[in-house]
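Trainee: Using the sequences and the accompanying hints, generate a full structural model.
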Amino acid sequence: MKTTLTTMLAALALALATPATAQVSAEYQAAEDALVAAWQSMPLAVRNASFVTEPASGYGLYTRRDNAVFAQGEPIIVYAEPLGYGWVRNEGEDTYGFGLSIDLSIRDAQGGLLGAQQDFQRARLSSRDRNREFYITLTLNLSDAPPGEYILEYLLHDLVEEQSTLISLPFTLTGS
1 MKTTLTTMLA ALALALATPA TAQVSAEYQA AEDALVAAWQ SMPLAVRNAS FVTEPASGYG
61 LYTRRDNAVF AQGEPIIVYA EPLGYGWVRN EGEDTYGFGL SIDLSIRDAQ GGLLGAQQDF
121 QRARLSSRDR NREFYITLTL NLSDAPPGEY ILEYLLHDLV EEQSTLISLP FTLTGS
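Residue numbers (the numbering used here): 1 to 176.
Since the hints were made in silico from the structure, they are not lab data. Using N, Cα and C, we set each Cβ at its ideal position, and we do this for glycine too. Hints may be right or wrong, so weigh each one.
As the list claims (entries may be wrong) - Using C-beta positions, here's what the derived DEER-type ranges look like:
#	residue 1	residue 2	range
1	117	50	18 to 24 angstroms
2	88	24	22 to 28 angstroms
3	59	143	27 to 33 angstroms
4	135	108	27 to 33 angstroms
5	23	130	16 to 22 angstroms
6	131	109	33 to 39 angstroms
7	28	66	36 to 42 angstroms
8	31	113	43 to 49 angstroms
9	115	38	36 to 42 angstroms
10	174	113	42 to 48 angstroms
Mentor: Now the structure itself:
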């Protein structure tokens, strides 16, 4: 009896010392595979593009501004969630690479180009998964621009696939 109890306790201790691994259900994996297939068939797009009060602290963790009116010298911060970007398997690694190159344009209220900068910002990441919860925070300072009505444009270029999409947000700049 004592030997049986000792054996049972040893087996229990061994079982508790071994980390438990959660198994993904077949239904979940099928849904994940279908989602990846849908993602790969869609064009590059953006959702939740908006002016925010401060840089986001994570995906979906942002506070929208109440308006699109900025004082001269005030940072103009945009949060956006790109969708449909491509992934590439990183050679020799168990990771996927993805990312964006972002061009900036400022237009007047009639759409006339006032200024532009190609490759204003670049976001390149590597992950062990095909991440879909990816966000960008873009900050612009227009301290020398005169008060007026403007259109802020960010052209996003997928670094993996040959595709682009445009964020276009009208805003007002007031005197400081």
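Trainee: Give a verdict on every hint.
Mentor: Here is how each hint holds up against the structure:
1. 117 - 50: 18 to 24 angstroms: holds, 21 angstroms
2. 88 - 24: 22 to 28 angstroms: holds, 24 angstroms
3. 59 - 143: 27 to 33 angstroms: holds, 30 angstroms
4. 135 - 108: 27 to 33 angstroms: holds, 29 angstroms
5. 23 - 130: 16 to 22 angstroms: Holds - the Cβ-Cβ distance for residue 23 and residue 130, about 20 angstroms, lies within 16 to 22 angstroms.
6. 131 - 109: 33 to 39 angstroms: holds, 37 angstroms
7. 28 - 66: 36 to 42 angstroms: holds, 40 angstroms
8. 31 - 113: 43 to 49 angstroms: Holds, at about 45 angstroms.
9. 115 - 38: 36 to 42 angstroms: holds, 38 angstroms
10. 174 - 113: 42 to 48 angstroms: Because 22 angstroms falls outside the window, the suggested range is violated.
Against the hints set out earlier in the document, a violation occurs for number 10 only.
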